[in-house]
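Protein chains: 2
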Amino acid sequence: MKWTAEEIAGLERFYRGNLINSVTGFKSLNLLGSISSDGKFNLAVFTQVMHLGANPPLLGILFRPVVPGMHSLKNIRETGALTLNHVLVGEEEMAHWTSARWEESEFDAVGFEPELLEAYPAPFVKGARVKMGLRAEQEIPLEINGTTMLIARLQYLEVPDDCLQPDGFADLLKAGTVAGLGLDGYVSGSELRRFTYARTSERPGLI
Amino acid sequence: MKWTAEEIAGLERFYRGNLINSVTGFKSLNLLGSISSDGKFNLAVFTQVMHLGANPPLLGILFRPVVPGMHSLKNIRETGALTLNHVLVGEEEMAHWTSARWEESEFDAVGFEPELLEAYPAPFVKGARVKMGLRAEQEIPLEINGTTMLIARLQYLEVPDDCLQPDGFADLLKAGTVAGLGLDGYVSGSELRRFTYARTSERPGLI
Chain B
4 MKWTAEEIAG LERFYRGNLI NSVTGFKSLN LLGSISSDGK FNLAVFTQVM HLGANPPLLG
64 ILFRPVVPGM HSLKNIRETG ALTLNHVLVG EEEMAHWTSA RWEESEFDAV GFEPELLEAY
124 PAPFVKGARV KMGLRAEQEI PLEINGTTML IARLQYLEVP DDCLQPDGFA DLLKAGTVAG
184 LGLDGYVSGS ELRRFTYART SERPGLI
Chain W
4 MKWTAEEIAG LERFYRGNLI NSVTGFKSLN LLGSISSDGK FNLAVFTQVM HLGANPPLLG
64 ILFRPVVPGM HSLKNIRETG ALTLNHVLVG EEEMAHWTSA RWEESEFDAV GFEPELLEAY
124 PAPFVKGARV KMGLRAEQEI PLEINGTTML IARLQYLEVP DDCLQPDGFA DLLKAGTVAG
184 LGLDGYVSGS ELRRFTYART SERPGLI
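Chains as they are written, first to last, in the numbering used here: chain B, 4 to 210; chain W, 4 to 210.
Honestly, I wouldn't trust all of these hints.
Identical copies carry no separate label here, and so any pair may be met within one copy or between two of them.
Listed next, the in silico DMTMM-like pairs over lysine to aspartate or glutamate satisfying Cα-Cα at most 20 Å (straight line) [unchecked claim]:
#, residue 1, residue 2
1, K77, E146
2, K43, E205
3, K77, E106
4, K43, E116
5, K5, D165
6, K5, E205
7, K5, E194
8, K43, E118
The hints are simulated quantities; they were obtained by calculation from the structure and are not laboratory data.
Make the full structure from the sequences, and use the hints.
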């Protein structure tokens, strides 16, 4: 199928949502943990997470326009702290369920156990294999569609030993991390291939 | 392994680069096609592509600080036009090779064939199954690390019929799209699971 800009604009709303959210590609899938100023834990599934840089270690996280019942960004504004926890193969359904409009904490509602580490003041997901503690650095409002890009700095990182390669590369297939696709798709990876540094003088080889 | 902010800052540069680029998760993997004002085609592999919204259909693309020899952002500034072409299973090595510092066009150097469509004024990758033509809308300089977020609007979209589900969801595993991981990792997916809209009243089910 082919669509022009006008045809995309004319698509039925849910069809367009599914289409555009999926063709934009595989996504980093995370459970975002936060805590309100009065101590209530929040957990929400996020796919709009982007690598911004390694030094300093920065991530970008896109938040949709805030509506009542959405607590993550509100909590982060209050405390400055958040965690990202990779979703494991087999936990896709529970992760997806955090996106329902819960009154209570999603930890209790869905059945993830919060874990507080001395190293960082926001709740992690107990059992998650890749865990990141982050501090909010800057909000960038995207006026073009009312979303907000949060720039956050990595303060704490946990990666299982068995998926860490000697050069620092974390093999997320070995870690059991799932990728996101579209609004409701969860993808298991099967094969990882790494290539040598690209030079014009020779084809890259497998690492 | 566990790292604090101080320990991350103290890591050897390449180790930190591999580590942070991989723990930030699976990435949307694309070949970005552009054309200079004097008609030279450019092709570069990109993983920092983010879904910003479906209506209007917007993507965010992160560009590292421009150094001599990097042409994509320069071309886009000149013409306003770019394409994103999903990388296919089996073409990972060629895609990776576009990141070498070629003097000539990466299309010629690496062996991808450019394709010009009447519908859009920038070169696509011939044979790519998911193709997007985009118009640059806005540049957001991220002063915190010197990168640039380009906001681009979808003007043309092509998705193979056989991977399009009735509700608009594009099954990228069926399309043969590869995901990115870290600076040099390419991942094939094996299994896609979709779940029903999340409600508090019942567990989500498989679609």
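Up to 20 Å between alpha-carbons, please classify K77 paired with E146: within, between, both or neither. Within one copy only: 19 Å inside a chain, 24 Å across chains, cut-off 20 Å.
Up to 20 Å CA-CA - E205 versus K5, copy category: neither (37 Å within a copy, 37 Å between copies)
Please work out whether the CA atoms of K5 and D165 approach to 20 Å or closer within one copy, between two copies, in both situations, or in neither? between (44 Å within a copy, 13 Å between copies)
Alpha-carbon proximity context of K77 and E106, limit 20 Å: Cα proximity of K77 and E106: one copy only (15 Å, versus 48 Å across).
Alpha-carbon proximity context of K43 and E205, limit 20 Å: neither (56 Å within a copy, 23 Å between copies)
Treating 20 Å as the Cα threshold, decide for K5 and E194: within, between, both or neither. Cα proximity of K5 and E194: none, with 30 Å in one copy and 26 Å across.
Which holds for K43 with E118 at a C-alpha limit of 20 Å: within a copy, between copies, both or neither? Close inside one copy (13 Å), not across copies (54 Å); limit 20 Å.
Within, between, both or neither: K43, E116 at alpha-carbon 20 Å: within (14 Å within a copy, 55 Å between copies)
Checked against the numbered hints given earlier, this structure breaks hints 2, 6 and 7; the rest are met.
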